[in-house]
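Q: Let's have the full structure, built from the sequences with the hints guiding it.
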Amino acid sequence: MNATVILVTLLGIVILLGAIAWYFYHLRQLEKSARQMVQSEENKGIPPELLKKVKQIEINTRNIVNEVFSGEYHS
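Taking full-length UniProt numbering, the leading residue of the sequence shown gets 1, the next gets one more, and so forth.
Calculated pairs, SDA-like style, for lysine to any residue (alpha carbon to alpha carbon, straight line, at most 20 angstroms):
id : residue 1 : residue 2
1  : Lys53     : Val65
2  : Lys52     : Asn63
3  : Lys52     : Ile64
4  : Lys32     : Ile20
5  : Lys55     : Gly45
6  : Lys53     : Asn63
7  : Lys52     : Arg62
8  : Lys32     : Ala21
9  : Lys55     : Val65
10 : Lys55     : Glu67
11 : Lys32     : Trp22
I should point out that these hints are in silico values taken from the structure, not numbers from a laboratory.
None of these values were measured; they are calculated from a predicted model.
A: Below, the structure written as structure tokens:
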């Protein structure tokens with residue numbers, strides 16, 4: 001009886017350690033793939049032509065807003 005309890009306990013510990021090792025192995029793989037995704041996204045970046053167009057839209061919009069609201073404020 002006593003040997004059976006010890007054997008079952010050891011088997012449970014081995015299974016638990018195996019599950020923990022499996023979990024950390026897959027966690028490490030997930031972190032590695034996430035790092036690779038981030039690095040590949042950083043390398044792509046936003047094209048300078050697109051940034052230039054966005055900046056031009058921002059300037060045009062600011063000018064339109066200033067024209068519409070200029071002279072509207074009365075204290």
